[in-house]
Structures are given as C-alpha cells and as structure tokens.
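Q: So the chains spell out like this:
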Amino acid sequence: MKETPKVSTETTPKNAEESGQDTRNTGPGRLLIAVYAVFAISATARAGYQIATKFAEAPLAHVLSAFAALVYVVATISLAKPGRTWFKVSLAAVLVELVGVIVVGAFSLFDPVAFPHDTVWSLFGRGYGFVPLVLPVLGLLWLNKRRPGRADTRVNGQ
Amino acid sequence: MDGYFYSVLAVGLLSTVICLVAGLMKKAPNDITILSVAAVELVLLVYLVGSIVRVVAGERISGEAWEFWGYLATALMLPLGAVYWSILERTRWSNFVLAAVGVTALVMAARMNQIWY
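Taken in order, these protein sequences are the chains called A and B.
Start counting the first sequence at 1; every next residue gets the next number (the UniProt record's numbering).
Start counting the second sequence at 1; every next residue gets the next number (the UniProt record's numbering).
Quick caveat, the hints were computed from the structure, so don't treat them as lab data.
Treat the hints with caution; some may be incorrect.
As a list, the in silico PhoX-like pairs of lysine-lysine whose alpha-carbon atoms are at most 25 Å apart [to be verified]:
(1) Lys88/A - Lys145/A
(2) Lys81/A - Lys145/A
(3) Lys145/A - Lys26/B
(4) Lys27/B - Lys145/A
Partner residues aside, some chain B positions facing chain A, computed with beta carbon under 10 Å [what the hints assert, rightly or not]:
(5) Thr74
(6) Met77
(7) Gly81
(8) Ala82
(9) Ser86
(10) Thr91
(11) Met108
Quick caveat: nothing in here was measured; it's all calculated off a predicted structure.
Glycine included, C-beta positions come from ideal geometry on N, C-alpha and C.
Make the full structure from the sequences, and use the hints.
A: See below:
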C-alpha cells in the first residue's frame, strides 16, 4: 500500500471524476475487491460444504465459517458500490473481519479443543497464507484513503 | 500431484510473474499480460477435458466428486472475470488483478489434486 499516494497523480480524468463521486472500486481498490471476491467465493463454498456434510461434528466452527463467508461477501459487494452508505457498510464489514480473525485466531491458538475444525480465521488464517489477517488491514488503509469528505477527495470532486 | 498440476503450476506462476512485473512497471494490461492469463485458462480447459476423459474411462475420484468439479468450474471462471475486469479499467492495478489469477489457479489445482487422489 505504500505506493497508493502515486495513484492520485496517475489517475485518468475519468477516475478523478469517479473518486469525486465517492467510489472505492478503482485503482488499488480493484485488486482489494478481487482478493475479497476470491475469499467470498471460497469461504462460502467451504462453509456450505461443511454445514451440508458434517455440521454436527463441530457446530461452532461451522457457524463461524458461515459467518466469515457472509462477512467476505458483504465486504466485496460494499467495496464495489459507490456512496457514503456503502462506505459505512464496508467499514463495518472490514472491522468485523479484523476483530474476527484476531479473536478466532487467538482462541484457536489457546483453546484448540473448542475449534477442532478449521475455519478461514483459525490460527490467524494460517491455512490461507495469513491473507485473512493482512486483508482487513489493507482494507482499512484503503477505506481511510477514500474516506468520504476527505480533503483530497473533495478537491477531485470539485 | 500429476501432470495437470505441474502444468498449472508452471503456466500459473509464469502468468503471475509477467503480470506482477507489468504492474510494477506501471503498464496497463496489454496483449502479453492478457494472453498469459488466457494461457492459464487454456491449461485449465485441458485439465477439464482430461478429467472428463478419465472419469468416462472409468477412473474414480477418491474424494468428493462434486467438490472437484466445483473447484474446476470456479477456477475456469477466474481468468474470464479478471480479463473482463481488466478491460473495463485499463490501469496498472488491473495487472495486479490479473496476477492474482495464476496463483489462485495454482492453489485450486493443488486442492483438486488432493481431492482426486
């Protein structure tokens, strides 16, 4: 993300116009949404599979899987949508994701008995290359960059 | 791990490296990066046809069959989605989206191999 400041200088007029309309789906945001989409799809498929085939073995872990999948779906959609309301939805989804990965990660580390089955967030997302831990941080940085009413966004918009 | 996996590994990694370099060089998606992702799609299509032939020939998938086909179908959609998106926005960031296709396909092919054997 350290390269993001360059974006404002290299965006096309179309992008500048769009950022004035309060969007988060251009530039690095596009990559972020793409990664979120991959996680939304894989987490949904995995949770659906777990619940359909072996829910009784570990209800808590599988409900958590489904919840994580829902958070990724909401984050993907809200990041792709323009406007202040969707910004708030994005912020809430990314914060829930960050809290979720830290809390579930810590619990699965200290109390493995309670989490016999893996979720996306188990051990801070180790099964997924720790991407689930990094993703919400990048998400928050990006949301801060495209905060509605932020000075540089307003300048672009006028 | 079979030949299909190593094909996806080779082509996927090559595509990811090409797209990453192009993105770091601040280039917009061009023929080279889009064709490298198309190559990933081609390998996956060969994987699909080969798998159908193997099943028809009587080979059994040891894991869940529908899970295998689900992974394969999703993997087949990724390059299409990424290329479509890269055409919509022609900035260097789209090259990073294209770069994500190769590694994702690689991870999915690894999982597909685990399910098959």
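Q: Hints first: check each against the structure and report whether it holds.
A: The hints, checked one at a time:
| no. | hint | result |
| --- | --- | --- |
| 1 | Lys88/A - Lys145/A | holds (14 Å) |
| 2 | Lys81/A - Lys145/A | holds (16 Å) |
| 3 | Lys145/A - Lys26/B | holds (20 Å) |
| 4 | Lys27/B - Lys145/A | holds (23 Å) |
| 5 | Thr74 | holds (6 Å) |
| 6 | Met77 | holds (9 Å) |
| 7 | Gly81 | holds (8 Å) |
| 8 | Ala82 | holds (7 Å) |
| 9 | Ser86 | holds (9 Å) |
| 10 | Thr91 | holds (6 Å) |
| 11 | Met108 | holds (9 Å) |
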